[in-house]
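Those protein sequence lines, which keep their order, are chains A and B. Reading the first sequence from the start, the letters are residues 1 to 381 in the numbering used here. Reading the second sequence from the start, the letters are residues 1 to 381 in the numbering used here.
Any given hint could turn out to be false.
One copy or any two copies: either way a pair holds, since identical chains are not told apart in the list.
Unchecked claim - Each computed SDA-like pair below joins lysine to any residue, with the alpha-carbon atoms no more than 25 Å apart:
| hint | residue 1 | residue 2 |
| --- | --- | --- |
| 1 | LYS79 | GLU315 |
| 2 | LYS261 | GLU375 |
| 3 | LYS340 | VAL112 |
| 4 | LYS58 | ASP317 |
| 5 | LYS330 | GLY77 |
| 6 | LYS79 | VAL94 |
| 7 | LYS118 | GLY77 |
| 8 | LYS311 | THR203 |
Just so you know, the hints here were simulated from the structure itself, not pulled from any lab data.
2 protein chains.
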Amino acid sequence: MTAAKGFTAAGIAAGIKENGNPDLALVVNTGPRRAAAGVFTSNRVKAAPVLWSEQVLKSGQVSAVVLNSGGANACTGPKGFQDTHATAEKVAEVLGRGAIEVAVCSTGLIGVLLPMDKLLPGVETAAAQLSEHGGEKAAIAIKTTDTVHKTSVVTKDGWTVGGMAKGAGMLAPGLATMLVVLTTDAALDNDVLDKALRAATRTTFDRVDSDGCMSTNDTVLLLASGSAEVTPEYDEFAEAVRQVCDDLGQQLIRDAEGASKDIRVEVINAATEDDAVEVGRSIARNNLLKCAIHGEDPNWGRVLSAIGTTKAAFEPDQLNVAINGVWVCKNGGVGEDRDKVDMRYREVHIVADLAAGSETATIWTNDLTADYVHENSAYSS
Amino acid sequence: MTAAKGFTAAGIAAGIKENGNPDLALVVNTGPRRAAAGVFTSNRVKAAPVLWSEQVLKSGQVSAVVLNSGGANACTGPKGFQDTHATAEKVAEVLGRGAIEVAVCSTGLIGVLLPMDKLLPGVETAAAQLSEHGGEKAAIAIKTTDTVHKTSVVTKDGWTVGGMAKGAGMLAPGLATMLVVLTTDAALDNDVLDKALRAATRTTFDRVDSDGCMSTNDTVLLLASGSAEVTPEYDEFAEAVRQVCDDLGQQLIRDAEGASKDIRVEVINAATEDDAVEVGRSIARNNLLKCAIHGEDPNWGRVLSAIGTTKAAFEPDQLNVAINGVWVCKNGGVGEDRDKVDMRYREVHIVADLAAGSETATIWTNDLTADYVHENSAYSS
Chain A
1 MTAAKGFTAA
11 GIAAGIKENG
21 NPDLALVVNT
31 GPRRAAAGVF
41 TSNRVKAAPV
51 LWSEQVLKSG
61 QVSAVVLNSG
71 GANACTGPKG
81 FQDTHATAEK
91 VAEVLGRGAI
101 EVAVCSTGLI
111 GVLLPMDKLL
121 PGVETAAAQL
131 SEHGGEKAAI
141 AIKTTDTVHK
151 TSVVTKDGWT
161 VGGMAKGAGM
171 LAPGLATMLV
181 VLTTDAALDN
191 DVLDKALRAA
201 TRTTFDRVDS
211 DGCMSTNDTV
221 LLLASGSAEV
231 TPEYDEFAEA
241 VRQVCDDLGQ
251 QLIRDAEGAS
261 KDIRVEVINA
271 ATEDDAVEVG
281 RSIARNNLLK
291 CAIHGEDPNW
301 GRVLSAIGTT
311 KAAFEPDQLN
321 VAINGVWVCK
331 NGGVGEDRDK
341 VDMRYREVHI
351 VADLAAGSET
361 ATIWTNDLTA
371 DYVHENSAYS
381 S
Chain B
1 MTAAKGFTAA
11 GIAAGIKENG
21 NPDLALVVNT
31 GPRRAAAGVF
41 TSNRVKAAPV
51 LWSEQVLKSG
61 QVSAVVLNSG
71 GANACTGPKG
81 FQDTHATAEK
91 VAEVLGRGAI
101 EVAVCSTGLI
111 GVLLPMDKLL
121 PGVETAAAQL
131 SEHGGEKAAI
141 AIKTTDTVHK
151 TSVVTKDGWT
161 VGGMAKGAGM
171 LAPGLATMLV
181 VLTTDAALDN
191 DVLDKALRAA
201 TRTTFDRVDS
211 DGCMSTNDTV
221 LLLASGSAEV
231 TPEYDEFAEA
241 VRQVCDDLGQ
251 QLIRDAEGAS
261 KDIRVEVINA
271 ATEDDAVEVG
281 RSIARNNLLK
291 CAIHGEDPNW
301 GRVLSAIGTT
311 KAAFEPDQLN
321 VAINGVWVCK
331 NGGVGEDRDK
341 VDMRYREVHI
351 VADLAAGSET
361 ATIWTNDLTA
371 DYVHENSAYS
381 S
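So that you can see chain A by itself, here it is in the shape it has in the complex:
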């Protein structure tokens, strides 16, 4: 994230997490410009930091982002919102910026107030450690059940897009449970950032659907410092943002809670892109199919029963399904020998051919495992 010029970052252990792990990150734009864009959860139950940051982003200007793990500050009422506000004020005071330019992100358990007596001193500690090499420490500090931290960088002619992400469970569209901060040193206005960010998230993070559960805290921010003194063409910039989002989305899927398989659900020959997404999501959310994939069982009947629950255009007797390259279902019935399907590897590729048009979409999901159940049976205790 600090690979883009004009950004400093830090990650520290403020004591928000009881186990003493890093839990507070700070990202500061030190460049000549402070343009920014943001995309937030479409969950109607929004955490306090989401409500705050949505207001911050209305100005199109972000000076700093403060992120904490160890508590989502969601469903915490007026006190929770006051805590978010106080956090932004503290960052503003320490950095000498305006609070309304400080975005706040939180992740962790819903329904618990943050320990402000630890968080606010932590902001001072983090500010004292801000560094042009602090991106990795920041990425580590926002982990919850993530087993690895996630960063990504794309460097072009004289400018860079970097980013960090966290997220391992409650991964579903609109967005997945994730906090993502992207940075660029390109000199771009907030409306360009907004357009590029929305285009990128629509086909990347919004199509990561690990467990069908939508979070209250999802936030993806894109900050531009202008420090590279270069203004790239829109298409080139948008593609770089998309690549970083795609890479981070893939890292989220590969680290999803309890998963043993990464499943690429590719819907082809749909009448519309919306149809393709609807069908892909229905397949990706079918618990029975996800169990079958876990058992390395190419159970295409469960793919068809998932397709059948959608409103997409198709005829049941024209559906085709391939699993790892073997067309196990042809024309809605038995196709090639299912014993030919090799499912030993972590990535599983399902192709659903709707034979109804020429549109395509890919949804990423994971298998459903006993480990997922175990991890999520004990999360808040």
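Given the coordinates of chain A, assemble chain B onto it according to the supplied hints.
Just chain B, lined up with the frame of chain A:
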């Protein structure tokens, strides 16, 4: 099921299941009337027996129902439909009835043709064993992963409604994966049966949502023999049908694959019944919540995040949630002490108060367990 006069039934092992368990059931209406109604899966990928039985029910007359476990005959193409047709023809021939009055139901793995060389002789064997006491044997023969067979009877003044059901996985609305045959000896026309059956399934089977997966084979049939020579009032009859459906639906939930908890999700104070159902279903399908309940963790934040994904009328800061009688969430935030929630028992009761009106709906679901994963990872292998 044979508690209602004018019906005989049988259940035998025809050899469709490789393990030799009972797999073929026959139910015959021997009364003066043959009125019938049916409700079928809303999955657009429908099994051959569903396509056939939908045609049969158009006449409003059913003489007999033949049901097999050991194979769903879904996604089996024209040959699968020919097999269903041949099965109905065989029953008609043996009983001396018309094939168009023979409904066919199948359950088991999708995408596999039925062994007709075993099924057709099995029809003859079953017909030879038809008995007024054969209801239980029929209920046993339609089991798949069910651990127990399911029957229910309501007896009123001179007339009776009975029924049997199977279903343990792929339980979701429209309908749950189930085969259900209801019988009555009341003298009623098929339009009355249809009205009563649709009203009953709408608030019973359609609100059983064990794992969010909709089957290709769901069928609920109601057959009336007229043998009691009594025509009850509609309301009383409809209530009896609802009671039998409700009881069988509860039996399905209690026997759901791998489940350790039965979860009653009651949505209250909704603006509309549709809102209440949408919210109830969203809660019932939230894998993270289902894992938490499995872990006896009253994780109300996951209830709120599920409510937040719906389009129902509500304000986030007016939501209240009770788990087993303790209002753990009040006004969208922390409520009573979650440690007061006693979750030791199998039944868990979640109340979601939308504070937006006066409508109510109850959805039944189960927890998500490692046993569910294990059972469904190995089903077709």
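- Message: Hint compliance check: list the failing hint numbers for this structure, sorted ascending.
- Response: none
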